[in-house]
Amino acid sequence: MVEADAVGARAGAAVPAAASDSRLWGRLRGSRSAQLGAAILVAIVVAALLGPLSSRYGYDQLDWHHIAVPPFTGAHWLGSDRLGRDLAVRMLYGARLSLAIGFTATAVSVVIGVAWGAVAGFAGGRTDGVMMRIVDGLNSLPYLLLVIALTTLFGRGNPYVLFAAIGAVGWITMARIVRGQALSLERRSFIEAAVAGGASAPRIVARHIIPNLAGPVVVYAALTVPQMILFESFLSFLGLGIQEPLASLGSLIRDGAAQMGSAPWLLAVPASLLALLLLGLNLLGDALRDALDPRG
Amino acid sequence: MFAYALRRVAAILPILFLIVTASFFAIRLAPGGPFEAPQALPPAVRANMEAAYGLDRPLAAQYAHYLEGLVHGRLGPSLSVRDVEVSELIAQGLPVSAIVGLASLAVSLLAGIALGIGAALKRGRALDHIATAAAVLALALPGFVVGPALALAFGVHLHWFAAGGWQLDARHLVLPVITLALPTIAYVARLTRGSLLEVLRADYIRTARAKGLRERQVIVRHALRPALLPIVSFLGPVVAAVLTGSLVVESVFGLPGTGRYLVEGAIDRDYPLVMGMVILYGALTLGANLAADLLHGWLDPRVRHG
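Chains as they are written, first to last, in numbering that gives the first Met the number 0: chain H, 0 to 295; chain P, 0 to 305.
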């Protein structure tokens, strides 16, 4: 989670709206890491959506004739676990869940963070002071640990608690970035010009402020998705997230780690997919940031 | 400077008080209790147990009692481990966690700064690309993937190091410390590279070069100190990351540290144990942030005199 702050600080420092959409698209397309990241992400999304349909096994279907068979041995393409469940199918279901949680939690943190940061930035004065104090306070706490403790207390395996807890982690940096942008936008001459020209407050927000906020918000949101997926897997690894018979990548890694001496593929296969997924998302996010940052 | 430091230390106390109060009541809001299922007790026994630990009294009275204990340095008895004080549990686990945590903090700072400087000085060349790619990879790989993988490769198969368990020797320390340090190494290296590159563009670096200093002197004397300032201010988040990471690493390698108390205590509804952990980790995080700020002020005259 530490990385989020540094990334956020950089994303917030750039005022990228200067790059027009088509130039941005061109830069993204030209970036090799963006291509690689997008290819990885698309491949995983397609596999997660279509893969389970094309298999004859369900994610919770036991196969007593093939208990803990290694990959590439016939019946189960990527092997099976100690209950004979198909690892490939479980893993793709897990990837679905991880992707869903990653994007939903990011959406939650974007909504909270943008609202919080925009209100603080535009209201200014005492409101701003109080709101940012709260953010600073939360940031100086072992906030993640509190979320873990509360998740444990209020609902192990309850997906709604999980969504809320994961979303609640991401919004703090987002709020800081948006507030910084809002403050710097207020002083820009084109805002002054719009005010002088008699534009109404909602019009200024809609026409000038939101488009200028969009760049850093999109960049930080893109970099938040892997953070959220990581956090979900982290909770599931500790046994606090997704519960049996459902699987997430984190819970599969937890099971695999427990049997790594006798059935190493149960660890290696889901761990590789998680690493690949995080790598793809990070590459895409970094490329997006570089494309939006005119100084890069 | 001294008065400033004293003021900052004093400012921590009300924050800790807020954390204690908020978590005390939040924990009690959760459903369930320490003497409910799975070990369902006969109602009379359960009532006796709850009375013995004061859990039958009004919440406000329990809170006052807990605060009174805290003022006298008592964290209360553990509810899940019978006849043991929370402070004893922490005293057992803390040395292990502290050794692993401090070792990986030291490793991440040394290796991260060295790699970052190397990458910045060789910008655009092979070393830079390799270091950057390695950093992306290290940040993408979570500890619960790296840890089991290392244990499998170097513990189970190669027998170079222990795959788990705890003894105070290199055999048992290397893998947990590397697992815990890897993401922070990458993070510190990125930060160092970026900030050194920025400093090297500054006017006074050009001046230093123009007056004929050797490159080595330019880097060591003029560039490094301002370049390392951002690392100091991120010491707080780095310590927080190490604390969080220790939950995973201690579980992966079966280390008898304090990390497991947080989750296990919360599962068992061991209220005093969870509170003790929240206070311990809260104080450590706040202390690290404070140390970072003070160090920053000491190193950067603009903060000190500003």
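The set of hints was computed from the structure by calculation and includes no laboratory data.
We treat Cβ as the ideally placed atom computed from N, Cα and C, and that holds for glycine.
Incorrect hints may have been included.
Reference excerpt, derived from the structure (chain P facing chain H, CB under 10 angstroms, subset only) [claimed, not checked]:
#, residue
1, 31
2, 145
3, 148
Computed, partial: chain P to chain H, Cβ under 10 angstroms [unchecked claim]:
#, residue
4, 66
5, 69
6, 70
7, 133
8, 135
9, 139
10, 155
11, 157
12, 158
13, 164
14, 235
15, 247
16, 250
Structure-based check of each hint:
Interface restraint check for residue 31 (chain P): the shortest CB-CB distance to chain H comes to about 8 angstroms, inside 10 angstroms, so the restraint holds. Because the closest C-beta pair between residue 145 (chain P) and chain H is about 9 angstroms apart, less than 10 angstroms, the hint holds. Hint status for residue 148 (chain P): holds, given a least beta-carbon distance of 7 angstroms to chain H, under 10 angstroms. Because the beta carbon of residue 66 (chain P) sits about 19 angstroms from the nearest beta carbon in chain H, more than 10 angstroms, this interface hint is broken.
Hint status for residue 69 (chain P) relative to chain H: violated, with the closest Cβ pair at about 18 angstroms, above 10 angstroms. Taking 10 angstroms as the C-beta contact cut-off toward chain H, the hint placing residue 70 (chain P) at the interface is violated, the least distance being around 22 angstroms. Here the hint on residue 133 (chain P) is broken, as its CB sits about 12 angstroms from the closest CB of chain H, past 10 angstroms. Taking 10 angstroms as the C-beta cut-off, the interface hint given for residue 135 (chain P) holds, the closest approach to chain H being about 6 angstroms.
With 10 angstroms as the threshold, the beta carbon of residue 139 (chain P) comes within range of chain H, its nearest partner Cβ sitting at about 4 angstroms, so the hint holds. With a least beta-carbon distance of about 6 angstroms to chain H, the hint placing residue 155 (chain P) at the interface is held under the 10 angstroms criterion. For the restraint placing residue 157 (chain P) at the interface with chain H, the shortest Cβ-Cβ distance is roughly 14 angstroms, beyond the 10 angstroms limit, so the hint is violated. Taking 10 angstroms as the C-beta contact cut-off toward chain H, the hint placing residue 158 (chain P) at the interface is violated, the least distance being around 13 angstroms.
A hinted interface residue such as residue 164 (chain P) counts as satisfied when its beta carbon comes closer than 10 angstroms to some beta carbon of chain H; here the least separation is about 14 angstroms, so the hint is violated. Evaluation of the residue 235 (chain P) hint against chain H yields a held restraint, the C-beta minimum of about 7 angstroms falling below 10 angstroms. Using the Cβ-Cβ criterion of 10 angstroms, the hint placing residue 247 (chain P) at the interface with chain H is satisfied: the shortest such distance is roughly 7 angstroms. Look at residue 250 (chain P): its Cβ gets to within about 7 angstroms of chain H, closer than 10 angstroms, so that hint holds up.
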